[in-house]
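Peer 1: Each chain, letter by letter, is given below.
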Amino acid sequence: MIKINNLSKIFRTELIETHALKNIQLHVSEGEFVALTGPSGSGKSTLLNVLGTLEHFDSGDYLLDGQSVKGLSDKALSALRNEKIGFIFQGFNLIKDYSLFDNIELPLRYRGFNAAERKRRVEHALEQVGLAARRDYHPSQLSGGQQQRVAIARAIAGQPRILLADEPTGNLDSLMARQVMELLEQINQNGCTILMVTHDPEQARRAGRQVQIIDGQLSDAAMYDPLAHNNAHAQSSPVAVA
Amino acid sequence: MEQFLYYLKVSLKSIRRAPLPYALTILILSLGLGVFFANATFYYRLNADPLPHKSDKLFFPFMNLVPYECQNCEPPNVLSYSNVQKLSATDIPSAKAAMYSADGYLRLTPQQPPLPVKIRLTQPDFFRMFEVPFLHGSVWPDASARAEVILSRHTAEKLFGETDVVGRRLTLDDFEYTVSAVLADWTMLPRLFDANNNNHLSEVEDIYLPLETGYDRNYLSNSQSSSFQDADYRKLATDGRTKAIHQLQFWVQLDTPEQQQAYRQFMANLTADEKKAGRHPSTINNRLVGMRDIVAHFNQQGGDIKAFALVTLLFLLVCLFNASHLSLNRYIANQYEISLRRALGASRWHIQQQAMADVLLMAGITSVAALLIGYSGISLMNYLLPANRLFSSWDWALLLSLLAVTLGCSYLVTLYPSLRASFGALNQQLKE
Amino acid sequence: MISLHLILKSMLRRKVVTSLLLVQLALTLALLSNSSLLALQTWNQLSQPTGLDLDNILYVSLKPTSKNLQEYPAFADLLERQLAAVRQMPGVAAVSFTNQSPLMEGGSNGNVNDENNRENNTQSVPQYTVSPDFLKVLQLDVLEGEIPQKIEAWDGESTVPVVLTKSLAERVFPGKSAIGQLTNGGPVAAVIEDFYGQRNAERVMYNRLQIAQIYGVAWGYGIILRVEPGQAQHIRSQIPDVLKTADSNIEIFSVRTMDEQLHRMFRNEFGLATLLAVLSGLMLLVSMISSYSNAHFNALKRQQEIGIKRALGASKHSILLEMLTENWCTTAAGAGVGIVAAWLLNQALALVISIPALPVWLPLSALLMLMCCVTLATWYPATIATRVSPATATKTL
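Protein chains in written order, with our numbering: chain A, 1 to 242; chain B, 1 to 432; chain C, 1 to 397.
It cannot be assumed that every hint is accurate.
Unchecked claim - Only some residues are given here: those of chain A computed to face chain C with a beta carbon under 8 Å:
#: 1; residue: 55
#: 2; residue: 58
#: 3; residue: 59
#: 4; residue: 63
#: 5; residue: 75
#: 6; residue: 78
#: 7; residue: 101
#: 8; residue: 107
No lab work stands behind these hints, which were simulated from the structure alone. Glycine included, C-beta positions come from ideal geometry on N, C-alpha and C.
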């Protein structure tokens, strides 16, 4: 699903991030649930952003679902992101002024689906995260956990192949964090590959595989990860989470 | 004071942080105000009352006393010599003067090159009615013909090089005259006694001649004259006095409502008698028009200045909307800082005072820019509409009111945004 | 891809800002349409047919400065000397005296009517007293009858024959030949082509000529001449000296081409139209500034939102389009109100000046122009907005 060979990134401008990525080597198979751990500022988020094509890299190769990302135009990258990748951020990043429905519908619009198709998918996604009744609410009317579930609904509405989650439970209390984790596991079981950045060792353990990044380099252990534990999946029915 | 200086410093800092939006706000506001200033200047001056304590007592009588039949006609804008004689034959007015203007050539000696001059031909009450100040000499004792002229100060200086020239002699259009008086500096804008053909927009005349002398010497009006019967207008001394050659303006001073009523009655009686005698074939249409209404009566209210006034007002409105929009954006961008100050203990009053410092700073910069733009606007208007060029100067009263308008506009532009900033929910902004 | 519904929602949310923008756009459109209308009207007036060769006819306005020279016979002698001096100038094709110039607001004018039918009266017809060469100067063809060749004097006894322009002849003597007919001013000797006389007349092409001495010079008089093409500027600079050489006791008020006369006649309209055009330009500038700053501010304020959208798969192109569309929507909404405002302003202006009714296409083209300006002004800040790094914008603080 994801093949990264010798990938490096150097920051040339004065941004908040000070670490770069050095010779990253990472393969993720379809259906894996990978936890990306490491100390603050080690390059976890940068790696996630590069994986999500939100940031460019300087050297190496990145094959996403067999397709090389290098040299793609903004338009092609945007389409790739839209179709294949779902994002979940620590800060939820919902658009405050939009209703839940409008928020979830947004990536489907960029995809070019017609209104009926969008409606079907949004409602399905809302059902999956258990917020079907609140489609016309605005994000500010929801709790943090609910907001993150909306963000997850937005991420999965387009049925992406990969879900990239950047500390999805970082802003949540433990109860809500657990609910979100359960939801993610559910999605993973439905066949979606997940890469999750986390600080929480407990959560990292729950993932199928852990990858550690220190100073922009994957730690040795991670490089020799055994075979994916979870290669094949049966299509299972959607799971409603309360 | 120290506190105010601090507020000013804060204002300057916030400007330096984002100079472009501030500059644009100032630019837009001063554009609107500058254009408004330029037009307001003309509007104010053109509609000024040159004799505020007296203009409601001065009247121009019009009547349809002409030797042709015309139903529902407006009376002519100028009167004939015999019209004026008839309208003068009463003691009701406190003062009365007929007048017109002509062109002439002035010399000290016949050998000198001529000085083209504008002449007002009038009667002694003219100077009393319009409060014309004298520097030397005095007005003619009566309205009869005499070879005596009254000079404007400027003309006396130009011709003689000095002002005390009473008793000196000069040549006007080949005739010799004695100077009987020299006027002190006198301007009257607009010159409402001469509103025919938009002449009220021009300067006062250079030299004054008794009306009777003007008729004797066949001076024809340079602005408006009409013949309503077969008459030789070159023979004013004869035909001009007896026939329907109309070229005179006639003003009467009627101090009280009773006087005004009495004079109206006098006019009614006069036209009724004339009609009975068969000399007034048209329908009677008497008018006694006050000085304040004379421009409207001649239908010369400068539609272009009015139209432009309407449009500049709209433009100012647009600029105000725009500038407040820009400044709202600026304040919203600064909202975090304002909230921080509030959290540190600044009261709403403090924030409002900060806003006042902003207003003053903005008003200061804007007035300078607006006056500059206003000045260029006036120059452009003088070039494009030269007829109004005498009405383009600023005096203190005008300048101060313009500055007050600037302050008001700056306040309006800053008020709403600052209110919004200071009354915004405190915790919410800090959390964001 | 872009949801109008969402754009409208976002506009409604910023009620104050949006309504400020709307009012301003509406007023801009109103002003832009009406000043273009006025400019158009002036341009039409300036380019209407005058029947005159505007560039090659010069008019000298002048007056003798001594009483003696202002009266006959000295004045007739002065005229003769002046015309002879001008005629000798190289490049002068024809020259005549006249009491007044064509292409004026008003001047000497009077009634013209059929002496046998006084009911049919034409008022304010310009009355010219000229020498026979006047027609050569203006290059006017004689359509009927003959131009008298003798310059009549005003002795108060004999009547002086009149020459009418074609449209006046048809007005006074409808359906018949005017030649030999008696007017209140004298018998008609000839009918000539139309030319533009005075703006305040009943019709600008109504004119009455008499081959006669100038009646009086209290208002000055004119020497009118036709010059060879290309000679106008040269002769204009020479002619004051030539006239002063003929007799120095004169004041020359002005020397103008007919084209300048025409422009002077519409000076007020031209001035007002120019002022309004300048103002319209300023308004467009102000609209552009406001569109620019609005888009700029929006881009700053919505960095996060744009970043999220980019992360969700919006291309730079679609972000740009979204921002432009938002501005177009505001402009279109403002223009909707603006078309009504334009009509209202047109009515208000018609109360104080003469302005034609607003044709439909004018506010529409003003709208188009406004759209172009707004797009231009939004482009740069919108492009900046698309450069928002989705990685940075979506980062949690």
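Peer 1: Does each hint fit the structure? Answer for all of them.
Peer 2: Against the structure, the hints come out as follows:
1. For residue 55 of chain A, the interface hint holds, since its Cβ comes within 8 Å of a Cβ in chain C; the closest pair sits about 5 Å apart.
2. Because the beta carbon of residue 58 of chain A sits about 15 Å from the nearest beta carbon in chain C, more than 8 Å, this interface hint is broken.
3. Annotation: interface hint on residue 59 of chain A violated; nearest CB of chain C at approximately 19 Å, more than 8 Å.
4. For residue 63 of chain A, the interface hint is violated, the least distance from its beta-carbon to any beta-carbon of chain C being 19 Å, above 8 Å.
5. The beta carbon of residue 75 of chain A comes within 5 Å of a beta carbon in chain C, closer than 8 Å, and the hint placing it at the interface holds.
6. Look at residue 78 of chain A: its Cβ gets to within about 4 Å of chain C, closer than 8 Å, so that hint holds up.
7. Interface restraint check for residue 101 of chain A: the shortest CB-CB distance to chain C comes to about 11 Å, outside 8 Å, so the restraint is violated.
8. With its C-beta approaching chain C no nearer than about 4 Å, residue 107 of chain A sits inside the 8 Å limit, and its interface hint holds.
Of the numbered hints stated above, those contradicted by the structure are hints 2, 3, 4 and 7, listed in ascending order.
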